[in-house]
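Required output: the full structure, derived from the provided sequences and hints.
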Amino acid sequence: MMRQITPVVKILLILNIALFVLSYVYSKFTGGSLNGILGLHYWTSEKFQPFQIVTHFFMHSDQFIGHVFFNMFALFMFGPHLERKLGAERFLFYYFFTAIGAAVIFLTIFHLEIQTFEERVENFKNNPTIEQFESIKDKEIGSFYQQRLRLDEFINEWLKYPESNNYKSQAVSIVSSVLEREKDKPIVGASGAIFGILLAFGMFFPNLTLLLLIPPIPIKAKYLVLILGVFELYSGLRFDPSNNTANFAHLGGMLFGFILIKIWQKKGRLY
0 MMRQITPVVK
10 ILLILNIALF
20 VLSYVYSKFT
30 GGSLNGILGL
40 HYWTSEKFQP
50 FQIVTHFFMH
60 SDQFIGHVFF
70 NMFALFMFGP
80 HLERKLGAER
90 FLFYYFFTAI
100 GAAVIFLTIF
110 HLEIQTFEER
120 VENFKNNPTI
130 EQFESIKDKE
140 IGSFYQQRLR
150 LDEFINEWLK
160 YPESNNYKSQ
170 AVSIVSSVLE
180 REKDKPIVGA
190 SGAIFGILLA
200 FGMFFPNLTL
210 LLLIPPIPIK
220 AKYLVLILGV
230 FELYSGLRFD
240 PSNNTANFAH
250 LGGMLFGFIL
260 IKIWQKKGRL
270 Y
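According to numbering that gives the first Met the number 0, the sequence shown is numbered sequentially starting from 0.
Any given hint might turn out to be false.
[Said to hold, decoys possible] Simulated crosslink set (DSS-like; lysine-lysine; CA at most 27 Å straight-line):
1. Lys46 / Lys182
2. Lys84 / Lys266
3. Lys46 / Lys27
[Unchecked claim] Each pair of labels, with its calculated beta carbon distance range:
4. Asn155 / Lys219: 52 to 60 Å
5. Leu207 / Asn155: 54 to 62 Å
6. Asp151 / Val103: 47 to 55 Å
7. Leu210 / Gln169: 50 to 58 Å
8. Gln264 / Ile129: 51 to 59 Å
Derived from the structure by calculation, the hints contain no laboratory data. Heads up, the beta-carbon is just placed ideally off N, CA and C, and yes, glycines get one too.
Here is the structure:
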């Protein structure tokens, strides 16, 4: 089995799995998270460091093993085909290019979302009302975090004293802290590069029939890539503050992969 794994794919698998194990052990022994250091933060966050542009796509959630498992499974299944097609150096460049491209797209979309959130928070600070607070809660704060902060209970208490400056001050503090939390939330994972690999696989081997795991049905590679792309676009555009999946990063990996392949094809570097 190991003979089927190409050199670069093998190194990438080892690095990703080793860092996942290290991150898990670190969190258990220290209570901290390596993702907070090596994950990619928003560029205005005090936690942002330039090296995170590269390190973030070798990190995965240390709370959910499925994140690293599915990414590495896809790398194991599709990566060797692409490395043999492109060669080791070009494959590695493609991997980094799509991963960084995914981060660029994600941060661009995230920047627009944060700008909107900042404007809502600023307006709320100037006129903190229950209606505005509920709107921010529903549109900007995920259900899990709402429950953690007990926001519904807070609103019910505030409704008893709607003109209370104390509740208004607490509400301003809550939305401000949530905004800062969003800015400081790191992005981790190799998914951008993995979706870039899937895109390339679909372009190079469009009519190759694959057997899905769930459901176990055959499908051509080109249709699988199309379905994945449409699903990620739908998920990214659908309003859901509880969605922690970086759908636009996945699309960014596919977009940058498509652009790079077209450049190589135009220059006659693919055969």
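Tested hints:
1. Lys46 / Lys182: Holds: Lys46 and Lys182 sit about 9 Å apart, inside 27 Å.
2. Lys84 / Lys266: holds (16 Å)
3. Lys46 / Lys27: Since the Cα atoms of Lys46 and Lys27 sit roughly 22 Å apart, the hinted pair holds (cutoff 27 Å).
4. Asn155 / Lys219: 52 to 60 Å: holds (54 Å)
5. Leu207 / Asn155: 54 to 62 Å: Distance hint for Leu207, Asn155 holds at roughly 57 Å.
6. Asp151 / Val103: 47 to 55 Å: violated (37 Å)
7. Leu210 / Gln169: 50 to 58 Å: holds (55 Å)
8. Gln264 / Ile129: 51 to 59 Å: Holds - the Cβ-Cβ distance for Gln264 and Ile129, about 57 Å, lies within 51 to 59 Å.
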